[in-house]
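So the protein lines, in turn, are chains A and B. Reminder that position 56 of the first sequence reads as 56 in full-length UniProt numbering, one-by-one numbering, no gaps. Reminder that position 485 of the second sequence reads as 485 in full-length UniProt numbering, one-by-one numbering, no gaps.
The hints are simulated quantities; they were obtained by calculation from the structure and are not laboratory data.
Sample of chain B residues at the chain A side, in silico, Cβ under 7 Å:
#1 N261
#2 V357
#3 R368
#4 L372
#5 M389
#6 T446
#7 N449
#8 E522
Each computed SDA-like pair below joins lysine to any residue, with the alpha-carbon atoms no more than 25 Å apart:
#9 K199/A <-> R299/B
#10 K153/B <-> H249/B
#11 K393/B <-> G246/A
Each pair of labels, with its calculated beta carbon distance range:
#12 G328/B <-> S201/A: 15 to 25 Å
#13 Q441/B <-> G103/A: 53 to 63 Å
#14 T424/B <-> Q31/A: 50 to 60 Å
#15 N207/A <-> F425/B: 39 to 49 Å
#16 G328/B <-> V252/A: 17 to 27 Å
#17 L433/B <-> Q200/A: 38 to 48 Å
#18 L433/B <-> G103/A: 48 to 58 Å
#19 N154/A <-> N261/B: 53 to 63 Å
#20 F425/B <-> K148/A: 21 to 31 Å
#21 V252/A <-> R377/B: 12 to 22 Å
#22 T424/B <-> N154/A: 35 to 45 Å
#23 K467/B <-> E178/A: 51 to 61 Å
#24 S149/B <-> T251/A: 45 to 55 Å
Note that the structure is a prediction, hence the values are computed from the model and not measured. Note that beta-carbon positions come from the ideal geometry of N, C-alpha and C, so glycine has one too.
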Amino acid sequence: MAEVKVKKEANLSDPAEVENRIKELCHQFPQGITDQVIQNDLPHLEPQQRAMAINKLLSLGQLDLLRNSSGLLYRLKDSQSTSKMKGSDNQEKLVYQIIEDAGNKGIWSRDIRFKSNLPLTEINKILKNLESKKLIKAVKSVAASKKKVYMLYNLQPDRSVTGGAWYSDQDFESEFVEVLNQQCFKFLQSKAEAARDSKQSPMVQRNSSFATSHEVWKYICELGISKVDLSMDDIETILNTLIYDGKVEMTVIAAKEGTVGSVDGQMKLYRGVNAVIQPTGLVKTPCGLCPVFEDCHEGGEISPSSCIYMTEWLDF
Amino acid sequence: MTAQEVRLCGLLLHEHFGEVVEKVGTHLLRSGAQNLRTIIHETGLSVDLVKKSLMVLVQHGACLFSSGRKGPGSPTEYRSGCDRILRILRYPRYIYTAKTLYGDTGELVVEELLQRGHMTMSGTVKTVADRLTQNMEEGRSMDYSEVSSAFSKLVETHFLQRCPNPAAGATPAAPGTPAAPASAIPPTPESFPDCYKVPHMTLVGRGKRQLAAEDGEDQRNAKRQKMDSEAHGDEGIYWQVNFERFHLHFRDQAIISAVANKLDQTSSEIVRTMLRMSEVTTSPAATCTKPLSANEIFRSLPASYNIPRPILDQYLTLLVDDPMEFVGKAGESGGGMYVVNLHRALANLARATLESVVQERFGSRSARIFRLLLRKRHLEQKQVEDFAMIPAKEAKDMLYTLLSQNLVQLQEIPKTPDYAPSRTFYLYTVNQLPTARMLLQNCYKTVANLIERRLFESKESKRLLEKSQRIEAILASLQASGAEPEQLTEVEEMITAPEKQQLDALKLHINKLDSAENQVDETIFLLESYVNSTATSTG
Chain A
1 MAEVKVKKEA NLSDPAEVEN RIKELCHQFP QGITDQVIQN DLPHLEPQQR AMAINKLLSL
61 GQLDLLRNSS GLLYRLKDSQ STSKMKGSDN QEKLVYQIIE DAGNKGIWSR DIRFKSNLPL
121 TEINKILKNL ESKKLIKAVK SVAASKKKVY MLYNLQPDRS VTGGAWYSDQ DFESEFVEVL
181 NQQCFKFLQS KAEAARDSKQ SPMVQRNSSF ATSHEVWKYI CELGISKVDL SMDDIETILN
241 TLIYDGKVEM TVIAAKEGTV GSVDGQMKLY RGVNAVIQPT GLVKTPCGLC PVFEDCHEGG
301 EISPSSCIYM TEWLDF
Chain B
1 MTAQEVRLCG LLLHEHFGEV VEKVGTHLLR SGAQNLRTII HETGLSVDLV KKSLMVLVQH
61 GACLFSSGRK GPGSPTEYRS GCDRILRILR YPRYIYTAKT LYGDTGELVV EELLQRGHMT
121 MSGTVKTVAD RLTQNMEEGR SMDYSEVSSA FSKLVETHFL QRCPNPAAGA TPAAPGTPAA
181 PASAIPPTPE SFPDCYKVPH MTLVGRGKRQ LAAEDGEDQR NAKRQKMDSE AHGDEGIYWQ
241 VNFERFHLHF RDQAIISAVA NKLDQTSSEI VRTMLRMSEV TTSPAATCTK PLSANEIFRS
301 LPASYNIPRP ILDQYLTLLV DDPMEFVGKA GESGGGMYVV NLHRALANLA RATLESVVQE
361 RFGSRSARIF RLLLRKRHLE QKQVEDFAMI PAKEAKDMLY TLLSQNLVQL QEIPKTPDYA
421 PSRTFYLYTV NQLPTARMLL QNCYKTVANL IERRLFESKE SKRLLEKSQR IEAILASLQA
481 SGAEPEQLTE VEEMITAPEK QQLDALKLHI NKLDSAENQV DETIFLLESY VNSTATSTG
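Same shape as in the complex, but just chain A (with noise of 0.2 Å):
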């Protein structure tokens, strides 16, 4: 019993013991200890001791400094990010740690500026040290091209920052939105083909007809076309594209909620639909598609008479 006492009091006088015994109590709470805690524990340890272990143990980067509602609380930082952290001082911590509470959305360099009251040229060589040890990179933004967001390395950047599914390296990729286009076309327009030709009675055939937006997204994902995953927003939009194009038509019907694919009750159901007239007569003439329409008259440089447009449609 002495023996015990006597070593906890030998404790008490060693900074370094002080310290191991706040590491211990920190293995023992993983969520993270109060001062309450310590002092409970070392009952004798002075106030300004204490201090001392724990500034000590912030400064080699063992220990988290996290703030709740009832006070500070000391967490024990995993070693695989102490080590990452050693050779750095102070300021490179403390960005590191205002990047990586920004989580993946990223955050500007001047908002890091801001939180960390450091001035312009610090920030910018303390970022560039962080990215030369590959501990944070920079994103583009999508949204305002010459902005720069600055995130943990390992981390997705967010939708919002790379543009989603449509988006890769900063560039928008028509081509894709294009074959899914006209992949998601085919597959509508062969479905209401199926129905025309089934020759059951009207209703029928144009219920046949429609697909829901999760049949389409599961038709687009088995072809497997896309390298992205995409949801099934993202198709959604692609046969809004559709509808703009006057291709496909959609209805929303009440669905009941459970059945696959229903948002909020709703269902939007698509169909192929054919134009509703033919290239008008105005565009059959080479005036309905002339550039230069606004300057042509008779007596002009440019008119009936003379018109190349109209001498090479005519040979035509």
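With chain A fixed as given, assemble chain B onto it according to the hints.
This is chain B only, laid out in the frame that chain A set:
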């Protein structure tokens, strides 16, 4: 009337009636109502010529006269409107429609009336019978009664109507008589109760074949004089073509073909039946036809379409549910009351026309942006890019092109009272009606261009055309007098091969230009109907 319309009217008048009438007509179009003296003074033509041109214009209904501004005593004023003259462009379509509906007889009746403007029934019947007899084999001739029956059928379905009697409308008030004041607006044909009544006509006979022989001519002339002096009981009753009725027919056809394109044949047959049933009961400016019950539609379907009643109901429901809203449901009695939404159908067709023009002119991506703006009304540039899934740079380019062509408008919504550009929302929008009007003017200009090009082409090859005509005349006379084959070939060889080629090419060009005019006229018809339908519904 816009400059383009006046230019087109001038060209049409020139082609159909000659230069003098063109001069008078365009002058009237530009200057509004004028009396005879002013016209003579300003056009610089002689009194005689002006009078004759005015007669021609009045005969064709292109010019209306009424008593002058200062009251019943002042000289009559003449005014002319673009619409009637622009109808000349559509004559081939009218004649073709009459042919499809009433056969050759109907076609010729309509053609005669279009050429003459106003004619009595007896006169028309005689001329048409003569023409038909011309084309029949030897020994057969056309009976007047057949032509009369075709004429009556045309009147029954309102394709022909009586000309309004100008004397009844603009009676100068006799002093002391409390007569109705002279109306400022010329009476419409419909205001007469007898508008569509066929007069009792005593006309018996057959068509006369024209004989080429000399001796027959004098005899014929004498006979003709005698025939003309016979009264047939319908003096003073003149008939004209009812353009509005033809337009209603074209509109119905457009709706039916749109339904056939969008849905299927059976649906279009149903719509055709519905429109046919409401042909004479619906007024021209109506928004939709009178409600028809499903039972009536079922009974009136053509016998070849043997669809059972429940299927018909399904088709009707599908038509009502279609986003194009061709057919609407107006009630539940009688198995469901259905109407055809005429104005909405016209608006949809006009919108499809606009979209097709944008698509052909600027490409399918611009068409996507155009349709997007039509649907969503107002959008910012960023939103346009997102919805249409077009890269930002290209979308910007296309939007600016459309803006420069005035197909798309920019709406500014300021955030601050000073319209600072950085603090204003700029929204893109498409207004369907003004855009349709603009395209309509473009169509007029296009048709005028095509006509001018056609005249230019014929003028270029005038010499060649004259030569070929002379040779044809020589050939015809040689053949009639029974020449030998060698003489014929000798004459034919007077046209060299390259000249023949040139002639063929010229013929091809002129045909192409002609058919192009008709195609543009179809667009003109759709857009005009749409613009007129909105005017009546809002005005």
